[in-house]
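Engineer: Residue-level listing of the chains:
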Amino acid sequence: RRGEMAKSTQLIDNEVFRAYATYTAIVLLKMMLMSLITAYFRITRKAFVNPEDTASFGKGESAKKYLRTDPDVERVRRGHLNDLENIVPFVGIGLLYALSGPELSTALLHFRIFTGARILHTLAYLIPLPQPGRGLSWAVGYSVTFSMAYKVLKTAWLL
Amino acid sequence: RRGEMAKSTQLIDNEVFRAYATYTAIVLLKMMLMSLITAYFRITRKAFVNPEDTASFGKGESAKKYLRTDPDVERVRRGHLNDLENIVPFVGIGLLYALSGPELSTALLHFRIFTGARILHTLAYLIPLPQPGRGLSWAVGYSVTFSMAYKVLKTAWLL
Amino acid sequence: RRGEMAKSTQLIDNEVFRAYATYTAIVLLKMMLMSLITAYFRITRKAFVNPEDTASFGKGESAKKYLRTDPDVERVRRGHLNDLENIVPFVGIGLLYALSGPELSTALLHFRIFTGARILHTLAYLIPLPQPGRGLSWAVGYSVTFSMAYKVLKTAWLL
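Protein chains in written order, with the working numbering: chain F, 7 to 165; chain E, 7 to 165; chain C, 7 to 165.
Some hints could be false.
A pair holds if it fits inside one copy or across any two, identical chains being indistinguishable in the list.
[What the hints assert, rightly or not] Computed list of lysine to any residue pairs in SDA-like fashion (alpha-carbon distance at most 20 Å, straight line):
| # | residue 1 | residue 2 |
| --- | --- | --- |
| 1 | K71 | T44 |
| 2 | K36 | L90 |
| 3 | K71 | P136 |
| 4 | K36 | N88 |
| 5 | K160 | Q16 |
| 6 | K70 | D59 |
| 7 | K52 | R84 |
| 8 | K36 | Y156 |
| 9 | K160 | I32 |
Keep in mind that the hints were calculated from the coordinates and are not lab data.
Make a model of the complete structure from these sequences and hints.
Structural biologist: Following this line, the structure appears as structure tokens:
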């Protein structure tokens, strides 16, 4: 039993899995960064949503005016939600893809393009860049995940 | 080391894991489809949220009128968020469940019912079907994930 | 082949992985609970968003008045979205962390603090507690995930 246990933790020795772990950690940290940017804009723009968050600005009407939406805050939140919608499928399908035995070079290509596309997507959303900048970076990431899903279904198919 | 590396990639040879990979890829692709449906309704209903997305409709007031919410767009977006709220637990708990050594037939039953329920949920949301159609399909998927979580906690419990 | 297949399902025998499975199931079930709390408030506050959900209240104007937002419903929904934004990175990075060979005691420390922080975050959001209660519990969970990501990148780094 001990031998098996030792082995079962060695997934991280597999090079494709190491690449998956590296890029997944990077894109998830990038997604987590959106929380900090939201907080930054909420504080600098004084735009909050929960009454208890404005208590330090005083009581009653003087604090109530900070319960409002701000275009910059809403923009970051949309970028954050778009990350959830796209990074969740990457993390889930990417794990299955990494375990489906792809070539390291092919896997790296997928992971690198996806990660680059999502960083560009965030920049395009926050700067903002004119379209089709954001649309194209979204489509590239989407296509990479789709390509990995195809490989997973081809390899694992058991319905 | 090479032996271990080779072995560690063979998770995909396990039949329960292959079934998990197949159904997870399918439900994640279904979730990704919501992005395309949102884009379709935004373009056909001319209802956008980012000013840079309406630039092709001209400048100033003529483009500004397309920065609006549309009931069909909002409906797809609610369906998408509901997918995130329910498919994320399925993917996470389902992976642990697949590794907890269930019978293949039991695992397939869980995966198939969940996948069917989520496809029905999307149809019920988008058509829309009268209640309790959407509510029931949601509850079925929820119960399947709960049942898998019970098996995971029974097998793995280490607090 | 059968030998490998048997082995590949034994990941759940690894103690760190068992701890990961236990805490991941708990935080995902906690996140799923938010759906039930939302439904509870929607029904008791009679605040719905889909016209088909108010059909049981009658037709036309009498049902239309229940298509409205309610502060309590919106509060639970914000807590749910915050869970998605923070529990998704925990589940993804935590899996890689569990496979990166940490000490069991260190891993348990990470998992326990994260889980406790997220339960406190939910309580702070729903009661609600005065700030910085919610902010601190959010920051603690965020830091734990960051710490696990650091360990993953240090162990697996392959760019």
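Engineer: Provide an ascending list of the numbers of those earlier hints which the structure does not satisfy.
Structural biologist: none
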